[in-house]
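Undergrad: Residue numbers are given in the numbering used here: position 365 of the sequence shown equals residue 377, and the series is strictly consecutive.
A hint or two may mislead.
[What the hints assert, rightly or not] Label-pair restraints from in silico Cβ distances:
1) R77 / R123: 16 to 22 Å
2) R123 / T225: 25 to 31 Å
3) R110 / G336: 49 to 55 Å
4) I33 / G336: 48 to 54 Å
5) E192 / Y26: 29 to 35 Å
6) Q47 / G89: 44 to 50 Å
7) Q360 / G299: 22 to 28 Å
Read the hints as simulated data drawn from the structure, not as lab findings. Built from N, CA and C at the ideal position, the CB exists for glycine as well.
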Amino acid sequence: MHLLPQLRKIEEKYPDELTVIGVHSAKFPAERSTQNVLEAVRRCNVAHPVVNDYAFQVWSTYGVRAWPTLMFIDPAGKVLAKHEGEVSLDGLDRALQRMIATYDSAGLLTRGPKPYRQVAHDRPESLLLYPGKVLANQASEKLYIADTNNHRIIEADFDGRIERTFGSGQAGMEDGQANEAAFDSPQGLTLDGESLLVADTENHALRKIDLVTGDVSTLAGVGHQSMRYHAGGAPLQVALNSPWDLTISDGRLFIAMAGFHQIWEMDLEATHIKPFLGSGREGLSDGAADSAMLAQPSGLEASNGLLYWVDSETSSVRMANLSGPPKVTTIVGEGLFVFGDEDGLGDQVKLQHPLGIAMRGDEVFITDSYNHKVKRVFPHNRGCLTYVGDGNPGLIDGTSNAARLYEPGGLSVAGDRLFVADTNNHCIRVADLKTQLLRTLELRA
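Work out the full structure: start from the sequences and follow the hints.
TA: See the structure below:
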């Protein structure tokens with residue numbers, strides 16, 4: 013995922029010298045579905061060909077060991093080099109310049125149009141495009157939606173009437189008035205008084221919307237991805253790495269920094285931002301803040317002096333105390349390669365790539381995204397039960413065990429209503445917490 017922006021720019025720079033072919037070798041069972049791969053290709057706006065290597069044949073043939081891996085193949089079809097892990101745009105560009113110069117001077121480089129037709133993906137007939145997160149404010153009865161692939165934030169009332177939008181709708185990083193500002197694939201949202209804070213994920217930044225004036229400003233980040241772990245610093249001077257969700261507790265802003273496999277914190281005066289939980293190593297290991305291992309934390313919520321989150325890559329729900337030396341504890345989840353769809357207690361519970369979390373009192377709701385469900389988690393006994401969704405992708409309203417969702421992302425509670433960003437259905441769903449009846453919210457301008 014994080015390589016795609018670099019690859020897009022490289023493809024644009026070398027349109028006649030370079031051919032890019034994506035190979036998708038799935039970790040999770042849900043990722044083996046060609047339809048789900050197609051949705052991911054559309055969501056990520058990928059124009060080059062993508063092979064669904066569901067049986068790991070290409071993976072095995074090329075001796076791949078890690079996600080992501082770049083294979084460089086020369087004009088004769090031989091593997092020239094391999095790079096495991098992420099790479100900076102400058103580093104990739106320098107390597108390609110050397111390769112192109114070498115094969116061009118040898119007369120082996122054939123320039124010309126791509127051997128395939130780049131596809132412009134059709135837009136769905138909906139106001140939203142792959143919404144990632146949603147935030148419901150009971151006091152004002154306002155609903156804020158991260159309209160992720162439209163690169164904007166929507167403000168609506170609880171009945172679905174759109175009142176304002178923030179962002180031009182074009183990907184970019186621009187501060188300014190609501191209709192002139194630009195975001196790039198925004199995700200997590202949280203309120204700080206009269207300000208809405210935004211995890212501007214692909215800009216690797218935190219943004220602030222003044223809800224009185226509508227103006228957008230940058231709170232943290234420099235607009236590009238950090239390629240190394242670091243200790244933080246002045247918010248507007250340090251590079252971040254894929255912030256995915258936000259929550260506030262006792263004057264502290266917590267950030268699910270998915271790309272670093274950490275949770276960060278920032279004081280609301282915006283004088284310092286730094287790691288709070290996680291060693292930076294990807295995995296599932298409990299314990300002290302600086303030694304615990306996390307894996308792409310993607311949903312975050314604070315309640316009663318505790319911080320709860322979902323780690324998408326370990327399919328887990330975890331928590332830490334906010335007073336005293338923080339200690340990480342896993343509620344459900346076992347590791348990077350333990351996943352499924354099982355309700356129950358303790359180690360019986362299996363999730364598949366959860367992305368969102370919301371609280372109502374001591375109740376914990378999560379989006380079990382690749383299982384197309386919303387579930388309830390019970391920290392006191394490590395229990396988990398399906399709340400809404402039958403496990404099949406679809407768009408069906410109805411009672412809990414008959415309704416269908418399609419890779420839901422974020423969710424938020426307001427009173428007796430649970431609002432769900434149903435990402436691949438391009439819509440917001442609402443569950444009645446008294447009846448467990450799920451309906452689709454009709455958004456209208």
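Undergrad: Confirm or reject each hint.
TA: Structure-based check of each hint:
no., hint, result
1, R77 / R123: 16 to 22 Å, "violated, 33 Å"
2, R123 / T225: 25 to 31 Å, "violated, 51 Å"
3, R110 / G336: 49 to 55 Å, "holds, 53 Å"
4, I33 / G336: 48 to 54 Å, "holds, 51 Å"
5, E192 / Y26: 29 to 35 Å, "holds, 32 Å"
6, Q47 / G89: 44 to 50 Å, "violated, 31 Å"
7, Q360 / G299: 22 to 28 Å, "holds, 23 Å"
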